[in-house]
Amino acid sequence: MIRTELEQLVLDTLYDRRKPKTDSCLVVNEAGIELLAGTSEALPIIERVIHDVVIPEFAPGATGGDRFLGLNYVLGAYWVISRKVGSDRAIPFVRDLPESLIVQAVWAIPIFFRKMAEGYNFGCSPGKPLMEFLNELNSAADPTLRGEAGIVLQQMRSQNPANSEG
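If you read the sequence shown in this note's numbering, its first letter stands for residue 1, the second for the next number, and so on.
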């Protein structure tokens, strides 16, 4: 199978294959940082990798994705790129994932949409649709989704009180 450079970047991010060559104790997924700067071209490739590689590991009896050290970066990049390019595909895509993977995607939100003194850490706010999605999950019948969404909503609101409105 011949992989495109972009697909290889997503896989390098997922498996955390690129490490900085420094003596620093700061751990950075270099491929993930590069992926975060991606364009709309990355979205269908991230979706394909999640469907073909990640979802099978979240099936009953599977490892739950333990070997995907960069999954948080892949999901965070998906959210950030979707928001930056104004795509409305992210929420429906995530909504259709297995519950345990939805939880992973929700956990990525406060990390990749963190409000800093000088603005949001990756250059864009979560936006109203993403906050509405979290509110929807916070009302979900499933207690795990509801609980995790509630925690993330509290984190988002504590970072930026403007997020309280949805």
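Simulated from the structure, these hints should not be mistaken for laboratory data.
Heads up, the beta-carbon is just placed ideally off N, CA and C, and yes, glycines get one too.
Treat the hints loosely; a few may be bogus.
Unchecked claim - Okay, the calculated beta carbon distance ranges per label pair:
#, residue 1, residue 2, range
1, 98, 44, 17 to 23 Å
2, 56, 140, 21 to 27 Å
3, 17, 100, 22 to 28 Å
4, 40, 8, 31 to 37 Å
5, 135, 47, 20 to 26 Å
6, 147, 4, 19 to 25 Å
7, 98, 123, 26 to 32 Å
8, 34, 144, 19 to 25 Å
9, 61, 96, 18 to 24 Å
Claimed, not checked - Under the rule of at most 30 Å between Cα atoms (straight-line distance), these lysine-lysine pairs were calculated in the BS3-like manner:
#, residue 1, residue 2
10, 128, 21
11, 84, 128
12, 115, 128
13, 115, 84
14, 128, 19
15, 115, 21
task = Given the hint that residue 128 pairs with residue 19, test it: the Cα-Cα distance must not exceed 30 Å.
result = Outside the cut-off at roughly 34 Å; violated.
task = Take a quick look at whether residue 115 and residue 128 sit within 30 Å of each other, Cα to Cα.
result = holds (15 Å)
query = Between residue 40 and residue 8, does the beta-carbon spacing fit 31 to 37 Å?
reply = violated (18 Å)
query = Is the hinted pair residue 115 and residue 84 satisfied, with a Cα-Cα distance of at most 30 Å?
reply = holds (16 Å)
inquiry  = If I claimed the Cβ atoms of residue 61 and residue 96 lie 18 to 24 Å apart, would that claim hold in this structure?
reply    = holds (21 Å)
message = I want to verify a distance hint. Is the separation of the beta carbons of residue 135 and residue 47 within 20 to 26 Å?
response = holds (24 Å)
request  = Kindly confirm whether 19 to 25 Å is satisfied by the beta carbon distance between residue 34 and residue 144.
outcome  = violated (32 Å)
ask   = When you check the alpha-carbon spacing of residue 84 and residue 128, does it fall within 30 Å?
value = holds (13 Å)
ask   = Does residue 21 lie within 30 Å of residue 115 when you go C-alpha to C-alpha?
value = holds (29 Å)
request  = Hint says 19 to 25 Å; check whether the CB-CB distance for residue 147 and residue 4 agrees.
outcome  = violated (38 Å)
request  = Given the range 21 to 27 Å, decide if the beta-carbon distance of residue 56 to residue 140 lies inside it.
outcome  = Cβ of residue 56 to Cβ of residue 140: about 24 Å, so the range 21 to 27 Å holds.
ask   = Has the given pair, residue 128 with residue 21, been kept, meaning a C-alpha gap of at most 30 Å?
value = violated (39 Å)
Checked against the numbered hints above, the structure violates hints 4, 6, 8, 10, 14; every other hint is satisfied.
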